[in-house]
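Chains as they are written, first to last, in this note's numbering: chain A, 1 to 335; chain B, 1 to 541; chain C, 1 to 460.
Keep in mind that the hints were calculated from the coordinates and are not lab data.
Do not rely on the hints blindly, as some may be mistaken.
Said to hold, decoys possible - Estimated spans, in silico, between C-beta atoms of each pair:
#1 A/V298 - B/D168: 22 to 32 Å
#2 B/T263 - A/T53: 45 to 55 Å
#3 C/A251 - B/V113: 40 to 50 Å
#4 B/Q218 - A/R146: 50 to 60 Å
#5 B/T263 - C/A412: 37 to 47 Å
#6 C/A412 - B/D170: 31 to 41 Å
#7 B/A356 - C/E254: 53 to 63 Å
From the three backbone atoms N, C-alpha and C, an ideal C-beta is built for every residue, glycine too.
Now for the letters of each chain:
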Amino acid sequence: MLAPNLDRVRISKTVTHPGDFLSVAREPNSERLWIGHTDFKIYTIDFAAASPTATAIFEGHNSYVSALRVIGASLVSASWDRKLMWWDIQNRRLVRTVAAHELWIRQLAVNTAQSLLATVSDDMTCKLWDAQSGRLVRQLGGFEERLPRYDYPNKLFVCAFSPDGRHVAAADEACRVIVWETESGREAARFDASGFFKADWDRNNHPYGGIRCMAFTLDGRSLALAGMENTDVAIINGKALVQIFDWQTGRKNYELKLGGNIQFECLSFHPQSEWLLAAPGAGGAGALYFLNSAQPRVLKETPATMQTFAMTVNEAADAFYTVGRGKALKWEIPA
Amino acid sequence: MKYSNILLVVGLVLGSSVTARAQDLLPPDRPISEAIDHYLDAKLRKVNVEPAPQAPSTTLVRRLYLDLAGRIPTPAEARDFPLSKDPFAKGKLIESLLASPEFVRHNAKEFDVMLRNDNPDAGSLRPYLLQVFQENRPWDRIFRDLVGASETANPTKPESFVLKRLKDPDALTRDVASLFFGLNITCAQCHRHPEISSLTQDYFFGMKAFFSYSYDFQGHLLDRQYVKLADFKTKAGETRKASLLFLSGTKIEIDALPDAEMTKAIQAESKVIQEAAKTYAKSKQLPPTPKFRPRTRLAEIALENANREMFARSIVNRLWFRFYGHGLVMRVDQMHAKNEASHPELLQWLTRDFLAHNYDLKRLSEGLVSSRAYARSSEWKGKEPAKDIFAVAVVRPLTPAQWGLSHRLASNPGVLKIGEPAEVRRKALDAIESQLPKMFGNLIEQPREELQIGITESLKLSNDPALLKITGDKLVPALRKLPNARQQIDEAVWAILSRPASPTEFELFGDYLSQRKDRPDDALQHMAWALINSPEFRFNH
Amino acid sequence: MIRIGPGKPAHKMPKKDWKGNSMTKRIPVNCGSPEHAFNRRAFLGGVGGALAATVGLDVLGEPLLANQLQRQQKRVIMLFLSGGASQFETWDPKPGRATGGPFQTIQTSIPGYRICELMPRMATRMHKTAVIRSFSSPNNEHAGRGVTAILSGERNDVGTLRTPSIGCLLARELSQPGSLVPDHVGLYTTYVGFNNNVQVDFASFLGARHEPIHILNGLAPDGNQLPAFLTDRDHRDRETLRDQLAQGFQANRERDATVASHRMAYQRVRGLMDNHRLFDISQEPRTIRDRYGHSLFGQQALVARRLVEAGVPFVRLNRGWWDSHGENFEIHASLVPDLDKVMSALLEDLEQRGLIENTLVVTFAEMGRTPQINAMRGRDHWGRCWSVTLSGCGIRGGVVHGSTNADGTDVAQDRVSTAQFFATIFRAVGIDHQKEYTAPDGRPIMLTPYHTQPVSAVLA
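For reference, chain A alone in the conformation it holds in the complex (with noise of 0.2 Å):
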């Protein structure tokens, strides 16, 4: 059988609905997905179908669903609204519901043995959850509540299990990146990214930045981050950024700025670590990036056709869903 080659990247199929998808989750071995949208609905796609649309299937959310995760027959919500939902997919009905933060839900992950779920919020914790009972395993912390100068809220955007489930990452506004043993919760390291916040005092008076999207490599050795390199106006207008730290030591080892008026917002590993996928969401349209994951160089770029808040890569890596701005997209990497 012939390898996918990324010079046919192409989009086979597009749905379009008005309003931003912001987050997907695809049932195993299939084409359905499950999608966020900022207009508190979770819709479902199947691009197995011919003419494949969006149906909105599930109502709870008070806010934007920032998150969702298939874990067995659940689908997991987590939105804006502070809540985690269960809801059953088979019978298309809510499960439970869990007040999980104090704060807005900023992104949800699930360990590859799918027993746990791992949550970050504004209210800067970062909390596990048992993904079968929806209990509340344990609490991390360590962030800052507040940003070094001048009082403002700290924000902590994402949070990622590394591929042996064995820790968890998160990484806030200020580009401090947090990993703890998942087991006993103690911490394993911690450094600060740079390059992604701008604390701009003089001219905005604001901070603006953060580490937007987070995954471990394959070997669970190291943490790719990626965001936008920091600016000074209130506009996306840097260029993307990659960064690959060595977590244990806090040494980056790998660096990529690309574009320009892009941020990345999502990220994607090869299941056999032959590509990183990076996708811009708020900002240019801008393009796909496959990055090469042991050298910082671009493999192929692709426009992306509107901006990309989420995706998700199927288990060949022949095909990958990309959902954002007015669209949902299927791309297909043929042989």
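Starting from the known structure of chain A, fit chains B and C onto it as the hints suggest.
The following block gives chains B and C in isolation, referenced to the frame of chain A:
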């Protein structure tokens, strides 16, 4: 396109209500200064007011330097004149100041501010003004240049006067009428002028129409051939068509195309302009110029024999205002028939003289500063006389440019040397002036009527370390070299106030210095500060 | 004669100039009657002349004097949300609409009125504040003509004449004779909006006396402190020396108001320096400082309170920079809680000191933000409908005036123009919004254009 002039008889907007017959005026061959004193003295006698005496010669020298060179005299220059026994010394000083390149520089600054007319869109015309004052270009030609009615292109772009204002045609109309004809017609934008019933909205829109054809093509001021003049609504609600109407009542009739054809013609012309814009970068080709050029026409009408007196009166009055602190007609942009001059015959005489001498601004300036009236003291005891009898000199705040330059000269009296070559002097002044924005920024406000000096100025001058450092920076070390306090005081007062110290000042500063004998640098710096921050320095008195 | 103003006789205006001299000849003007010429002199000269009391010199240490001031003088603090704060993320949220954004709403102390969840403190005290949700202005820019216009009341009756901004008019109208504290202080958190004077107050023909003293990115004005290389004694002696020269010069030039203003300006220097404690918030108890928070805006607000307490009639706090073309929600998540904290602390503090009855606190900006959320998750410039608030002096709390439609794309009820808003501000502090004065070109103009109606619903 055909056009013709029609003289409307609805009444003249401009002009004087009292017009003396030419033979009743003082003969034209008298010196300007003599005419001034003749008419002013007559009025003073009539109202029975004894004018203030002539200012001390040091005050007069300072006044002349500030008015003609834009700066205080150096101590050497200040000392030079009172020592002279020459009865013609004053005339010689005026002559030499007017002949100096410093007059050109200062005059350019003054006109630049005047021509800006507080319009935020207006840019600086300094390079142009430097050029024309160098050659003493007559005012009528300057007017043509500024409204873009000259045949020859000038690389210093005087027409940017219009070009920069095109985005706000109402303000452009106001500025042209007010600067060149002495009449702010803004109120006629919405209603009749309250005091001149003949000044209807037709005049505002009529004046505006002369500029309605103008457009900015890649930085060039051009005219369209086809324009639909916008209708306007009168206060009564009537819709009227604007036409080209000069303030004198001269109307230019244009055979306008019928509406539908006009719309087509405008579209076609716009297309030609757009096409030309596309290729301009390579071809440098301008769109075709129409035969009828309204701005040129405006200049022609304004300078016709019947109208040129109005044009001349305005600048005569504005220059009078500049040197005397109060216009013969107040305000300078309200020169209409119902607003009589304080000395109508004098204004008429000066205007006639200005026209007879080909709009010569320098000659007029020389005459204005040569009178006894100009040289009066600004001190007055008792009940203040009316400003419009010119019995006492008006105290005028320095402009930011005068103040900044004078501050530097006072703080560094050796920077200009008597008799140095013009080129050396020019470089020295360039060097000083280039530092002024950074040193002083907007510290000093541009004078205007009833200026109120704010606390920001006094606070910064009192406490800003950077400003304190440059206050008397070179003067203090020079004073230190003098053998005794008396000489130090005398020299400081000469350097800063351009006059000898008074007995009171010798005493005042003498005490101050002697109490600080242990730290003479501080004491001298405080003395320099007190002098530079005194009102005597801040004003042209 | 055609009058722009009402036919009200100017009978209140003395036919004397500022020093009491009778005026015998008027200067002809652009449009106007003889009364206007006198009127103008009164307007310009009415305050600067007298040098009687030394009001405000040490009121912070003198509760009695402070009480006296409280009774006498009205003051205004304007919180200017520079760059344009979003009405959706503050006073006029539209939860669940496409234009609404992610934030939820919270119930306020006004039944039926909910505001953005980012303002929990203000929510509990909205019954003491009036909100106008239907403010509407043509301005969509940070700089230029539109901003000049909105700051001076978006007049449609003055043609090309440049009239003073609201801050300078208030500073002028509320100033006290002989006050040695400044009339007008402008504090800026950022230099955007300040540079090139794009958003600063302008006195135009009122003169520099009413221009603000600017404090940029700090808590005290430049030049307020004794220079390091001068002793206090030297500073005073030096000024005495200068003033003696001034007296000599002025003796026979008393007639000139500009010369008099020069002397006054120097006399005010010591007044301001002696009041350097006004700008020193370390004089405040820890609890108060904590209440305002430690953002620059919070610290500047505390300075503002100290200033109005000492009798400064107008203080503008320019809190920037809200221009959230990108990441609107992140920027508002940072800035709105700070606004909530600072504004509620300021109002509470003014209340506790008995100052609120005579101090009006206004929120204003050059514009609001678009309903549409752009591709940068931002909101762009929007003048058509946004919100302003009024609290304290002369205001009926708990009023929510006007509304926007479901998506916040236009005014639904009771549009309020800038002129009406300014008229409301003038009325709230006891100034006749139709008070007439005369521009330099002689035309009579009123504080707000003829026929402007204040929003009486929000007035006490």
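> Measuring from beta carbon to beta carbon, are B/A356 and C/E254 in 53 to 63 Å?
Replying inline: violated, 42 Å
>> Just to be sure I understand the hint, the distance between the Cβ atoms of A/V298 and B/D168 should be within 22 to 32 Å; is that true here?
In response: Distance hint for A/V298, B/D168 is violated at roughly 50 Å.
>> Can you tell me whether the CB distance of B/T263 to A/T53 sits inside 45 to 55 Å?
In response: For B/T263 and A/T53 the Cβ distance comes to about 49 Å; the hint holds.
> Is 31 to 41 Å a correct range for the gap between the Cβ atoms of C/A412 and B/D170?
Replying inline: holds, 34 Å
> That 50 to 60 Å hint for B/Q218 and A/R146 (C-beta), does it hold up?
Replying inline: For B/Q218 and A/R146 the Cβ distance comes to about 54 Å; the hint holds.
> Using the C-beta atoms of C/A251 and B/V113, is the stated range 40 to 50 Å upheld?
Replying inline: violated, 31 Å
> Do the beta carbons of B/T263 and C/A412 sit within 37 to 47 Å of each other?
Replying inline: holds, 39 Å
Comparing the model with each earlier hint shows violations of hints 1, 3, 7; every other hint is respected.
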